[in-house]
Amino acid sequence: MVQNAIKIMEELVTLPESMPDQNNHDRGQGGVDNDMGLGETRAPSIASDDDISTEANYLREACQPLYNGARCTKLASTLLLMNVCIVHGISNKFMDELLALLHKHLLPKDNLLPPSMYAAKSLTRKVGLDYKHIHACVNGCILFRKQYETLEACPKCGATRYKKFGTSLVPQKVLQHFPLIPRLLRMYRTR
Amino acid sequence: MTWHARNKSTDGKICHVPDSKAWQHIDNTWPDFAIKPRNVRLGLATDGVNPFGDKNNAWSTWPVLLLIYNLPPWLVTKKFFMLLLIIIPRPESVKSANFDVLISPLIEELQELWEGVRGLDILQPIGRRQFLMRAILMWTIHDFPGYGLISRCQHQGYKACPPCGSGTTSQWSKELGKVVFEGNRRWLNRNRPYRIHPIAQHFNGHEELRGRPDIITAVEVKRQAHATKKWVAVGNVLGAKGCPSRSSGMKRLCAFWGLPYWEVSMNYSAHPPQLCYMFRPVEF
Chain A
3 MVQNAIKIME
13 ELVTLPESMP
23 DQNNHDRGQG
33 GVDNDMGLGE
43 TRAPSIASDD
53 DISTEANYLR
63 EACQPLYNGA
73 RCTKLASTLL
83 LMNVCIVHGI
93 SNKFMDELLA
103 LLHKHLLPKD
113 NLLPPSMYAA
123 KSLTRKVGLD
133 YKHIHACVNG
143 CILFRKQYET
153 LEACPKCGAT
163 RYKKFGTSLV
173 PQKVLQHFPL
183 IPRLLRMYRT
193 R
Chain B
54 MTWHARNKST
64 DGKICHVPDS
74 KAWQHIDNTW
84 PDFAIKPRNV
94 RLGLATDGVN
104 PFGDKNNAWS
114 TWPVLLLIYN
124 LPPWLVTKKF
134 FMLLLIIIPR
144 PESVKSANFD
154 VLISPLIEEL
164 QELWEGVRGL
174 DILQPIGRRQ
184 FLMRAILMWT
194 IHDFPGYGLI
204 SRCQHQGYKA
214 CPPCGSGTTS
224 QWSKELGKVV
234 FEGNRRWLNR
244 NRPYRIHPIA
254 QHFNGHEELR
264 GRPDIITAVE
274 VKRQAHATKK
284 WVAVGNVLGA
294 KGCPSRSSGM
304 KRLCAFWGLP
314 YWEVSMNYSA
324 HPPQLCYMFR
334 PVEF
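These protein sequences, in sequence, are chains A and B.
This note's numbering numbers the first residue of the first sequence as 3 and each following residue consecutively.
This note's numbering numbers the first residue of the second sequence as 54 and each following residue consecutively.
Treat the hints with care, as some may be off.
Taking CB as the label site, the calculated pair distances span [as the list claims (entries may be wrong)]: (1) G295(B) to C159(A): 54 to 64 Å; (2) L176(B) to E63(A): 20 to 30 Å; (3) K275(B) to Q66(A): 50 to 60 Å; (4) S124(A) to I67(B): 44 to 54 Å; (5) C68(B) to N70(A): 46 to 56 Å.
Keep in mind that the hints were calculated from the coordinates and are not lab data.
For glycine and all other residues, C-beta sits at the position ideal for the given N, C-alpha and C.
Based on the provided sequences and hints, a complete structural model is requested.
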């Protein structure tokens, strides 16, 4: 299954030049990529006459070739690396060092690969591949958002929002929410 | 994303999801929604999974997925096109009371989507790209315990059949040590020999002369849920002896009733379960 996923990703991450493109008359410069992973964005392009969001600008930036003459874009290579590390359960620290190694020593000097895990994550976050952390009451009474945003304990059952972990406070329960509306909109913004 | 509009069955046979009765019910109820094929039709699927199967048997995480039925049917259930919406983390299994709270971000987004969101369609020529995207949640997909959890109707005990509701025929079987449901012959045609003697004695020994149970409408469900709410508000325990939910089978209105279209779709759901219906869960 993992092999299969990698194969599909490799198909998706080739540069736009190698893809047959029937109607590129209204396609923005270099605004083309794939980003596998969540699977809903494929070859996005934003027309010049439409209002261009900041997300689209980031996407355009992320779709530059990794280095001069590379087969992969910056975004695609980052996602490929992140995916393979997550599939095999590799720690973030390893990922951090791997990216630094590739960026500094192995790839050509002009490469655009994010040098750290933090940079890689902020790159994918900027193009919209993001999710929200919502703290929840440990008993599931409420979500700590809107009017409960700043509370430290659940107003219904009194359970604390955080637990002490050494010196730091860790939220007891975190709900991961992947926003739906931008993803549906992205399906129409892509080809 | 507009595949469904171009590929409706022309010979009256059901070939794909767009030919189903639930789909057509939406088309008939909201023609302004149906006339725009770019409006998104969604199905929600959820179940408990245990990512640590060999280490901890009690763990249960609930991913909530959405399927987009605008896509061609061979892509709808593919990994790349299923949208992971929410991951509900829990060391223990989800309680139905909590589930509504935990999916509330999703409900809010669906409400917004029903009103309409401004979108861009780049497949259209320049100048005609802006459109108002709306979305409807058509049905939910889960197993039977999940059905009880999501729709908040009784799925255990004596009134555990959602289409029959308060008319469920059941009794305690001493030999089997569990509740048995023996009203299934109600769904047969009137003239079937299974309903009458001599074959009837191979079932529970009685002839079955009743017809199908009445359709449970949204108004009915609301009334039942309200009765249970009143019972609980007095200070009684939900599901205790004398609780209306034990006879009606309805505990509470689920979070999906917060969607403006859910009531209309619910009206359609209360039909016999042999066909594909709105709001009728598909059991795997």
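For the pair G295(B) and C159(A), does the Cβ-Cβ distance stay inside 54 to 64 Å?
violated (27 Å)
When you take the CB atoms of S124(A) and I67(B), is the distance between them in 44 to 54 Å?
Holds - the Cβ-Cβ distance for S124(A) and I67(B), about 48 Å, lies within 44 to 54 Å.
Cβ distance range 46 to 56 Å for C68(B) and N70(A), holds or violated
Holds - the Cβ-Cβ distance for C68(B) and N70(A), about 51 Å, lies within 46 to 56 Å.
Is it true that K275(B) and Q66(A) lie within 50 to 60 Å of each other by Cβ?
holds (56 Å)
Would you say the C-beta atoms of L176(B) and E63(A) sit inside 20 to 30 Å of each other?
holds (24 Å)
The structure is inconsistent with hint 1 alone, although it conforms to all the rest.
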